[in-house]
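Undergrad: The primary structure of each chain is shown beneath.
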Amino acid sequence: MHVFADPTNFDAYLSGFLWILKLTGASAVFALVIGVLLAAMRVSPVPVLRGFGAAWVNIFRNTPLTLVVFFCYFGLFSTLGLSLAEDLNLNNYWLGVIGLSVYTAAFVCEAVRSGVNTVPTGQAEAARALGLTFAQTLRIVVLPQATRSVVAPFGSILIALCKNATIVGTIGLMESSNVMKDLLNANGDAVIPIFLVFAGTFAALLIPTGYFFGWLANRLAVKR
Amino acid sequence: MSTSSVLYDHPGPRARIRNNVLSVVFGVGVVALLWWVYSKFDAAGQWEAVLWKPFTEPATWTQFILPGLWATLKAAAVGMVLSLVFGIVFAVGRLSDHWWIKVPAGAVVEFFRAVPLLLMIFFVFYGVPFLIQGPVSAFWAVVVGLTLYNGSVLAEAFRAGIRSVPGGQSEAAYAIGMRKSQVMQLILIPQAARAMLPIIVSQLVVLLKDTALGYIVAYPELLQRGVNDLAANKGNIVAAAMVAAAIYIVINSLLTALAGWLDRRSRTRGLRVPRQTRPAAAADSTPEGGATVSEPQG
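Chains as they are written, first to last, in the UniProt record's numbering: chain A, 1 to 224; chain B, 1 to 298.
Read the hints as simulated data drawn from the structure, not as lab findings. Just so you know, not all the hints are guaranteed correct.
To be verified - Label pairs and their computed distance ranges (CB to CB): (1) A/W215 x B/D97: 54 to 64 angstroms; (2) A/G131 x B/F26: 49 to 59 angstroms; (3) B/R265 x A/T147: 24 to 34 angstroms.
As the list claims (entries may be wrong) - Just so you have them, the derived chain B footprint on chain A, three or more residues with Cβ under 8 angstroms: (4) 2–10; (5) 29–36; (6) 119–125; (7) 181–187; (8) 192–198.
Said to hold, decoys possible - Which chain B residues stay away from chain A? Per the calculated CB distances, all over 10 angstroms, these: (9) S23; (10) A32; (11) V37; (12) W70; (13) V89; (14) V92; (15) W100; (16) G134; (17) W140; (18) R264.
Every value quoted in this text rests on a predicted model; they were computed, and no experiment measured them. Note that CB positions come from ideal geometry on N, CA and C, so glycine has one too.
Model the full assembly from the supplied sequences, consistent with the hints where possible.
TA: Take a look at the structure:
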């Protein structure tokens, strides 16, 4: 444990996980918003919107996240000159958030869409019989019920997102996996403790999250 | 329900006009965005023929893209086989009657599902050489990481599948005098594997995508050879990334289509598809927590 007794290493460890949490938090919000909008597009009456949603999902769900993040850096930043912050780290952070958000939004969209499918047909039919428009049907009747059945998939997506945040290290952000790599290279005598601390921190964050979402899903489940 | 028809009425004249207006407005918006990206790339000179010409030359394909693709597929294939074995072993272990098998198997599966793949690859690639006093090849770092992570996810999928086999099946097997191992091998696993096949294939898509992490430890896969190394020679990084993305999308779409086909096939053959495959799984309270994880996780 002498590795983490050194304040420099300990600070690096803390800031690595702070980046992970910040990436997860910001990307989760953006991915949720984009994902729900995409899902609404995919079930909408307008063919162009449906096609746009389907194209988004097919492109981003089938591309490796590493390539998406890579493209955010070399395509958006290096080539298009999209600079999001003066600070180099902060710029990489926001590029990472863009990559994680557009990638995760595809998964959110599919989860919401299959959640919409679990709402009994009669609900939407009754809403239409009352004269609600498509937007009203979706917003007032279908989505609130679908939300309850997508809690469990959302939990898995959030956990996957937190783990995927490590991939932003590819473009040079000193997040936890990069910190671990440096510590491993500098401390060849303590590789197992270093790995166990980093992996254990992820496990301590994510295993309870998984059980929490499982519990929440059971609690919110529609009893039919 | 088929969402396309239930959520809204058949459009009348006014709705048709509104839908058309929306189509045009949104379509113009998307085209404008694409045009903006196109012109920005154009201004940056990314459409110059010299950047795209390499893709018409055989050397680009034989020296960079195809060897990269081959390495990707090789790592994915080895990872798939090993993670299927890992998944079956640990699923059966977690369902064991003996606590000294069940508890460690459960701990291993929960641990590796919670640890990012990249962390495991880094540990095997940078950490293990200190322990064994010798280098670890990037190939094995990638394959071991993929196996531990995807194997754990598959173990949970198998476990959900095995538990979804109707209880009468194993009772009947015990009644005709089968041993525990025979019940598992001859009755439960074959039925579970068929029912879980679509989920297994979608997890394999995740595995194939995750081979791209090999780029970070310089394993010469598609992203490393076809994008990084190619661009180092030709200076066409954006073009190369687009071509690589297209290749990934084609391969993964084929695998996804295979998963969909298997799903439909198992439905039409009247096989029992476990309830856990649907997102409504949350509604079915499972006896033990945590077995509802059957969404592919990447």
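Undergrad: Holds or violated: is the Cβ of B/W70 farther than 10 angstroms from all Cβ atoms of chain A?
TA: Per Cβ check, B/W70 is outside 10 angstroms of chain A; nearest 17 angstroms; holds.
Undergrad: Using the beta carbons of A/W215 and B/D97, state whether their distance is inside 54 to 64 angstroms or not.
TA: 27 angstroms, violated
Undergrad: Counting residues of the stretch 29–36 of chain A that have a beta-carbon nearer than 8 angstroms to any beta-carbon of chain B, does the count reach 3?
TA: violated (count 0)
Undergrad: Far enough from chain A: is every CB of that chain over 10 angstroms from the CB of B/R264?
TA: 15 angstroms, holds
Undergrad: According to a criterion of three or more residues whose C-beta lies within less than 8 angstroms of a C-beta of chain B, is the stretch 181–187 of chain A covered?
TA: holds (count 3)
Undergrad: Taking the minimum C-beta separation from B/W140 to chain A, is that value above 10 angstroms?
TA: Check passes; 16 angstroms lies beyond 10 angstroms.
Undergrad: Between the stretch 119–125 of chain A and chain B, see if three or more residues pass the 8 angstroms beta-carbon test, and mark the coverage as holds or violated.
TA: holds (count 5)
Undergrad: Taking C-beta pairs only, is B/V89 more than 10 angstroms away from all of chain A?
TA: 21 angstroms, holds
Undergrad: B/R265 and A/T147, beta-carbon distance inside 24 to 34 angstroms?
TA: Because 32 angstroms falls inside the window, the suggested range holds.
Undergrad: Can the stretch 2–10 of chain A be counted as covered by chain B under the rule of three residues or more with Cβ-Cβ separation shorter than 8 angstroms?
TA: violated (count 0)
Undergrad: Just checking, B/W100 versus chain A, shortest CB gap more than 10 angstroms?
TA: Check passes; 21 angstroms lies beyond 10 angstroms.
Undergrad: Establish whether the coverage given for the stretch 192–198 of chain A by chain B is satisfied; the threshold is a Cβ-Cβ distance below 8 angstroms, and no fewer than three residues must meet it.
TA: Held - the stretch 192–198 of chain A has 4 residues with a Cβ nearer than 8 angstroms to chain B, which meets the minimum of three.
Checked against the numbered hints listed earlier, the structure breaks hints 1, 2, 4, 5, 9, 11; every other hint is satisfied.
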